[in-house]
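Visitor: So the chains spell out like this:
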Amino acid sequence: MAIVNYVNKEIQFKVVYYGPALCGKTTNLTYIHGQVAEAHKGELVSLATAADRTLFFDFLPLNAVVIKGFKTKFQLYTVPGQVMYNATRQLVLRSVDGIVFVADSQWDKMEENVESFKNLQDNLAEQGSSLDQLPYLLQYNKRDLPNVAPLHYLEYLLNNRRVRVPSFEAAATTGQGVFASLNAISRMLLQKFAREHDTMAGNRQQPAAPPARIVLSGIAAATLRR
Amino acid sequence: MQAIPIITFEAANQLLNALTDYLEKSEASFALVIDRGGSILSQHGDIPAGSDMTILAALAAGSYAATRELATRIGEADFSTLHQEGQKMQLLMSAVDEDVVLVTGFGPQTALGLVRFYAARAVPQVAAIIQDARAAQRPAVPIFTAADVAAAFPR
Ligand SMILES: Nc1nc2c(ncn2[C@@H]2O[C@H](COP(=O)(O)OP(=O)(O)OP(=O)(O)O)[C@@H](O)[C@H]2O)c(=O)[nH]1
Ligand SMILES: [Mg+2]
Chain A
1 MAIVNYVNKE
11 IQFKVVYYGP
21 ALCGKTTNLT
31 YIHGQVAEAH
41 KGELVSLATA
51 ADRTLFFDFL
61 PLNAVVIKGF
71 KTKFQLYTVP
81 GQVMYNATRQ
91 LVLRSVDGIV
101 FVADSQWDKM
111 EENVESFKNL
121 QDNLAEQGSS
131 LDQLPYLLQY
141 NKRDLPNVAP
151 LHYLEYLLNN
161 RRVRVPSFEA
171 AATTGQGVFA
181 SLNAISRMLL
191 QKFAREHDTM
201 AGNRQQPAAP
211 PARIVLSGIA
221 AATLRR
Chain B
1001 MQAIPIITFE
1011 AANQLLNALT
1021 DYLEKSEASF
1031 ALVIDRGGSI
1041 LSQHGDIPAG
1051 SDMTILAALA
1061 AGSYAATREL
1071 ATRIGEADFS
1081 TLHQEGQKMQ
1091 LLMSAVDEDV
1101 VLVTGFGPQT
1111 ALGLVRFYAA
1121 RAVPQVAAII
1131 QDARAAQRPA
1141 VPIFTAADVA
1151 AAFPR
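Protein chains in written order, with our numbering: chain A, 1 to 226; chain B, 1001 to 1155.
Just chain A, same shape as in the assembly (with noise of 0.2 Å):
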């Protein structure tokens, strides 16, 4: 769950990018990275092995928007996507607040990407969560390259559990999509707040926000290096 700050006037979020080996994960992180203003950017660090293939996490903190006089902060982390590293995501996805499920467009993927999605499931379950609690979302990647699925069938593989939820075509490399993603994943999460936290005051409950319009604003408009 979120982490307010009553004195420093901060709300701290933790999304993790999540997905098969080489879907695209360091590559979004990357692509942010380079595009956002000095201001609003911490140092991205990357645990990563002489390959450059990530070996615990990747790390990149983002100031964002600022809502009612708080700072609204976003802690970027990936996963290791090879198999063989599990308990390194497990570690990686404590107190996980919202994910940005990549998935790899390719055809020869698919068995890969259903197979992350589902370990994702049970690494949440294993720690008490599920993507039921969870703001989510699926991000198509690489839907430059040649032989990719088509969106429908990615759809019927992935999107298929009772709440639909957002989904992107991306290209992490050109950037296309990166920050659609982003945006929408912290629009999710500071809907989710902002109902929860009015719950928690007692307030009657809102009904729920309509699934939000995505466009590139918010984050993007608020950091996007000019």
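Everything labelled a hint here was simulated from the structure, so no lab data went into it. If you're wondering where the values come from, they're calculated on a predicted model, not measured in any experiment. A virtual CB, placed ideally from N, CA and C, is assigned to each residue, including glycine. Worth double-checking, as some hints may not be accurate.
Claimed, not checked - Reference listing, derived: stretches of chain B covered by chain A, where coverage requires no fewer than 3 residues with Cβ under 8 Å from a Cβ of chain A: (1) 1008 to 1015; (2) 1036 to 1045; (3) 1049 to 1057; (4) 1063 to 1073; (5) 1144 to 1150.
Said to hold, decoys possible - As a list, the in silico SDA-like pairs of lysine to any residue whose alpha-carbon atoms are at most 25 Å apart: (6) A:K9 - B:S1080; (7) A:K71 - B:L1016; (8) B:K1025 - B:S1080; (9) A:K9 - A:H40; (10) A:K9 - B:H1044; (11) A:K9 - B:N1017; (12) A:K71 - B:A1136; (13) A:K71 - B:E1010.
Starting from the known structure of chain A, fit chain B with the ligands onto it as the hints suggest.
Guide: Chain B with the ligands alone, transformed into the frame defined by chain A:
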């Protein structure tokens, strides 16, 4: 998993007092209270120039979690502190409870024994403050509403 505390003015002050007292006595350079997700709950002291507390916290949480996991897997159930020694700086990480870790950084101005001794006394104090903060009533006024969020994300 327990609820993560909301840092109210009261909790922040109490944590800061506890850390100030701890640094004075142990002569350590800095102390951080972090949650196991890697977020900072409180910080005090001088961090090495050019380093970023947010990143220190994320790495410390990862390092602590990995070492602890390693310990469990070799059958070491009672793992509560972790010490790392470098050329100039040393780090001591002490479990406060399931979800919170106290990270202390110190140089040659003090000694591991001293830091360990005072860390062991600071831990229950920090634990009590965190415990209270978890139980505390949340402020009655919401920070922002769904409408405020919508307004911050213009179409
Ligand atoms: N063509 C194309 N290549 C991509 C895209 N996104 C990532 N890649 C490439 O895919 C490879 C793997 O990308 P990473 O971002 O390292 O993958 P990862 O998900 O972090 O992998 P692990 O750390 O092993 O889990 C790199 O060579 C990237 O350049 C994309 O959208 N299109
Ligand atoms: Mg990676």
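Visitor: Any hints this thing doesn't respect? Which numbers, in order?
Guide: Violated hint: only 6; rest satisfied.
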